[in-house]
Each structure stands twice: as C-alpha cells, then as structure tokens.
Amino acid sequence: MEQAFQALLGEWKGVKGNVIPLLQKTQDIFGYLPQDAMREIARVTGKAVSEIFGVATFYAQFRFTPMGKHVMKVCHGTACHVQGADSLDTIVEQRLGVAPGNNTADGEYTVERVACLGCCSLAPVVMIDGEVYGRLSGDKLGKIIKTVGSVT
Amino acid sequence: MSARAEVAVGMSSCGIAAGARVVFDSLQKDVAARGLPFSVVATGCIGACHAEPLVEVRQADGKTFLYGNVDEARAHSIVEAHLVGGTPVGEMLVPADYPYLARQRRIVLSNCGVIDPESIEQYIAHDGYAALKKVLTGMTPEAVIEEVKTSGMRGRGGAGFPTGMKWAFAREAKSATGKKYVICNADEGDPGAFMDRSVLEGDPHAVLEGMLICAFAVGADEGYIYVRAEYPLAIKRLQIALKQMEERNLLGDGILGTSFSFRLHIKEGAGAFVCGEETALMGSIEGKRGMPRLRPPFPAVRGLWDSPTNINNVETYANIPSILRMGGARYAAIGTEKSKGTKVFALAGKIKRGGMIEVPMGISLREIIFDIGGGIQGDGKFKAVQMGGPSGGCVPESLADVLIDYDSLAASGAIMGSGGMVVMDESTCMVDVARYFLNFTQSESCGKCTFCRIGTKRMLEILTRITEGKGVEEDIAELEDLAAKVKVSSLCGLGQTAPNPVLTTLRYFRSEYDDHIRNKRCAAKKCKALIRFSVISGACTGCMMCAKVCPTKAARGERKKVHTIDQDTCIRCGLCYEACRFDAIGITSGRE
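Residue numbers (this note's numbering), protein chains in the order written: chain H, 870 to 1021; chain Y, -7 to 584.
A portion of the hints provided could be inaccurate.
Said to hold, decoys possible - What follows is a set of in silico ranges between Cβ atoms, one per label pair, in the way DEER data are often shown:
no. : chain 1 : residue 1 : chain 2 : residue 2 : range
1   : Y       : T561      : H       : A968      : 50 to 58 Å
2   : H       : G900      : Y       : F161      : 43 to 51 Å
3   : H       : A968      : Y       : G246      : 54 to 62 Å
4   : H       : K885      : Y       : G439      : 25 to 33 Å
5   : Y       : T250      : H       : K1012     : 28 to 36 Å
6   : Y       : G578      : H       : A968      : 43 to 51 Å
Since the hints were derived computationally from the structure, they do not count as laboratory data. The model shown is predicted, which means the values in this text are computed figures rather than measured ones. All C-beta atoms in this analysis are idealised placements derived from N, C-alpha and C, irrespective of residue type, glycine included.
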C-alpha cells in the first residue's frame, strides 16, 4: 500500500489542481485518509496541512476512519424519501445496531446516508458494495442484509 | 442502421439494478448454445425505467420488438419462442403505440437505448461527429455561435440563460493568461434527478461532441467534465469514450486534420451539492473547498484559473450536435416562443410509469403525469409534483395545466430546474417534504453566507418542530420572514433558492401546516410523532405476522387471538402495516 501511495505522489506531483485527485486516490488505496498520508500530500503539493484538511473535510466523500468490510449507502433522494426511505433507516438500525454514519462493532458494515443514487424509478433503493437494490420494503432489506454479511 | 440481427439489453445503472445483468448473461448463453444468428448487445437506457429490464429484439428484416420487465425466465421464453420459433411473445411486448414512448420527442435521447454507448463506431453510424466535422471544416466560430443563438436554446442546468449568448461572451473575452476553458457540469446533485447520468451512460459521445464544438466556438483548447463520484458507470463510459476519441484524432493536436487542438480531462466530484454552482465547481477543479465567489466577474470573463471559461450542463452540450446538424431555425420551430426545443425530465415518485422522458417545451404538466406517466400508483389521488429539486417548488394539482416552459413554471413558484420531477399523492405530507428539502440545503450550505448558514438552520428547526407536533401559530410568520431574508442575503443559487420548497408549500398547502400546528394532525400519516399504529380488532385473525416482523416487540399477541400494539415501545417503523395481509393495522393521527 505504502508503495502504491508513493507512486501516486510521484505521478501527481506538480499537476495543476492535484489536491482532490490525490485525496481520492489515497482513499482508494487505504480505504480512508490516514493522518500520515495527509501530511505527505501537504508536503508534495506545497500546501499547509491545515489547508489539505480544510479541503478534505469540505467534501462528503472523504473519511478519516477505516471502512467496514461492506459499505451500505441508504439513499435519501426525494423519490426515495417519498417512498419511505426513513423506514429503511429504522430497519438498518434495528438489524445492524448502528445509525447511519457509523461502522458496526464487528467492522462488517459501514452505513452511510447518501443524497441521491440516481435510481429514482426503483425507489426506495440501497447500495451495498456498489450494487443497487431497488423497490425495497423493510422486510426485503432485512433479508438482503442477512445474505450479504454476518449480522451482529 | 446495421442490418445484423441483434438482441439489445438496456444496461444503465437502473437497468442493472433491476436485474439486466442476469438477463444479459442468460440471453448470451442461450444464443451461443443454440448458435442463433443474433448478437447480444448492451445499450444505454431507453428511459422506460418502470419496465426495466428492457430487451429489444432487432430482426434482420429491420423489425424491432421491445420486451419489458424481463427476468431470466422471460429471457428464456424470448429465445425459445421469438429467436428460435420466430413468433414474438405477445403478452410480454411493450406495444408499439405505448403512450409512454409515443408522446415523447427525442433529440437528446435519440441514441439512448439504441446504440452501444461503448462503441464510437455506432455513434458515428448515427451521424456522430458529423456536426463537428461540419463546424471544423466549413464554419467560423462566429457562425457556430450565431447558429446556437438562432436555435434559441436556453441552458438546461436550470437557470435558463441563453446558450448562444453565453458562448458569445466567452468568445469576446480577452484572456490575460492566454488560455480559455470549457467545462461540462455533470455534478447532478439534485436529489430526484438522473437525466445527466442517463445521457452520460447512454450516449457519452454526444456530450463530448457538443463540448468540442463549444471549444472551437469560444476559442478554448482545454476542457473539463466534472462528474459526481456517485456515478461510476458514467465515469467509466466517459473514460472509454475519451480513449476512442484519442485513437481517432478527435482529441489532441490537429483534430480531423484542421488546426483545432483540444484536451479534455475528467474530474470526479467529491460529494458537495454546492459544487453544482459554477464558481464553486471551478474552485473544486482547482483543488480548493468548493465555495462560490461573487459574480461578476462571470466565468466567461474570469473563470477557471482566472481564464475565460464557458460552463454548460450535460443536456445543453448534448443538444449541440443536433442543433448544428438540423440547423438552429429548425430546432427553434420546436417548443414555445420563449422556450425552444425539448426538455428531458426524470419522472419519479408516486407515478405509475416512471423513468426518463424527453418532451417538447409547451406540453402541459398534466399530459406528462397522466398521458406519459399513466397517473398515480395504485390509482391514488394526485396531490403535487415537486420540480427543480431543493431549489424548486411544489406545483399543486390545481395548477397541473401549467405549460412546461421557463416562464410559466417560474410564475407558479417552481422552476424548470435541471429536470427532476417527483410526483406526490395523498400519502405525502407537504410539511415533511419542506422539512426534507431544508434539511438537505441546510447540510449542504457551504457556510460562507450567514443567512444561508444559520437562517436555513433556524428554518429547519421550526419545520422539525411543526412535524413533531410542537409548532405554534407564530412559526409560520417567522418562516416567511426568514425565507425572505435567506433569499436576498445569499451569494449563490443554493441560498437564494433554498426557501422555495417552504414558500411553495406554504402558498399551496397552508392548511396542512395549520393542521399540524393546531390539531397535531398529519393527514398524510407520515409524521411519526403525530401518528399511532393500532390493531383493528374486527379484522385481525391472530396470524402473528405483525408480532414476527416488529423490531421492538411492540406488536404482540397469541395465535388466533387479536393482537395489540404497545404505544410506548412502538417506533412507528410501519413494518407491521406492510406485513399485515388482512388490513388489520390502522394508522390514525390527531383526534381520530
């Protein structure tokens, strides 16, 4: 991982507008943004560490803690809201024991609320590990959670 | 049109989510196993998302048959009956005069669901890059801008600024840096909108061709397409398209043998709604926090890295090749006097036939919802349609005859917006909808302007209070006061339009606010603090289903005996209501 990170820094050094791509690709490598990596990015881009943190904390995509094995994104777009996305949150909380924005205690799941996945005709939807599950009911979601990973 | 027989499967994100991949694999396997003279191909989205997965059989004789709601079993019968037996499976066909498709006018979407979006050859076979060639080899930049002006097209990102005029500003601007840029705004952030995603996934080259034509017209040699990271498939298809363009000398130096050079980069957004605002978007490309800055100077004068920049959205660019091919005057013949051409909408919510549609300007909202969309799910009562996302408003049923054009919609309090259209019925609480949008804009406010940062927070607190049954009479006046102040004291569109969902629901659905405040009643039975679930003893058979699904064990009872729901432990998740097969769970609100 460290090697891939160093290669990344070399590749983007001196490129205009490199801060956000560097953060994105660093997160691709580590699954989150480790503090040491942030300092390295600051050094390579010639910016203050505070400035790099300023950028990273502005955008919803960046995280500073490791991800769970599975990432579940509960869509809260307008169409999903109208079709009952709030109830899905309740189910997730009941089944996994965590509210959106957290990892489960066993590190199996990271649960996130997202603004819109753009699959509005299939609302309400949830994305698990990049795959979209649509036309959900609370019962259906509960069954999907069971098949994807172990439940605490 | 290729004369080869094909079986095309719609493979956009939504198609795949509905199960298109399984269907595709199954068709491919069956066709190969039987050695049938068909090739199984992937296409973009034809837009009929409610009938996904969609499969189109294109026979060698030119006849086409569209199948809807295809699953693995249906895929097998298509192979057996149609591909082998030669008889289309009538009951699975989407009829040729299907009103969902028949009422549309497809310009931007003409290739979506028709060509393979990962094949530049197919794009070229459908007149792709013909407009670019025409422009580069026979037109001056001024003539191109004139043609776009003649078309009368207004920006499809929502604000509706005339595109030709915007280009002219960027053309005329003197660059202190010697550079000019073009940017495509594909940061489709409005929840409930997926037009740009579908176009990028279904016909990426059309957008890129539009950008190249624009670059030639304004004198730019470098461009960015800023796509939100939540659209991985769109990004992948753009990457493929760029590579194909490089191979064919459609990017780089001396494009198509002329002196025109252009470089294009894909920028992945990092998840900030405010970056849909043009100055914030440019800040984000530069690697900063995406915070808007004061205009003027407008991007056309000083934009990306202080250079003149033209920025349009996906749908605007996707229209450009067609405008240049058909001529501005012919394009201007479509639509109304002040709103020309077509508009793509993402139709979702409580509608029977949802999906992505393209209609001529001047069609009425009622025609879209009832003729194209087929009316309300479960034959419920149409209540309102939310247009334009968090910047837009709710148009009530009484105004359903409003025509789709920039000015009529603005007069209704909504906006054309980028094209999100979420239909609502009697089960939607309008106070809850207003709270939902305020919650969104409040959390997405970048924090630069005080009223946007704090004013929206105070508004959200009031709305939350009302939905929890703790509202007071004075709350309405305070909401209106704050709304007016947030509108005038914000720098960018996010803050200036954030109060719109509140203002339109107050204007058209005031009685719902009053009902929540005075009677502590939510007629739509949506606001959790104001509703109760209970068992209707006459209907309950004691099947124990509700007890089984209840996550807090609030629903309980013995087999074959009437069950009860304990109000103290009930979390109002609605699972019992969903699970009960005997309509024995009732929801009440207020003094019912």
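Do the hints match the structure? See the list:
1. T561/Y and A968/H have their C-beta atoms about 19 Å apart, which leaves the hinted 50 to 58 Å range violated.
2. For the hinted restraint 43 to 51 Å between G900/H and F161/Y, the CB-CB distance of approximately 44 Å keeps it satisfied.
3. Distance hint for A968/H and G246/Y: a CB-CB separation of about 57 Å, consistent with the stated range 54 to 62 Å.
4. Take K885/H and G439/Y: their Cβ atoms lie about 26 Å apart, and the range 25 to 33 Å holds.
5. Take T250/Y and K1012/H: their Cβ atoms lie about 59 Å apart, and the range 28 to 36 Å is violated.
6. About 29 Å separates the C-beta atoms of G578/Y and A968/H, a value inconsistent with the hinted range of 43 to 51 Å.
Violated hints for the displayed structure, listed by number in ascending order: 1, 5, 6.
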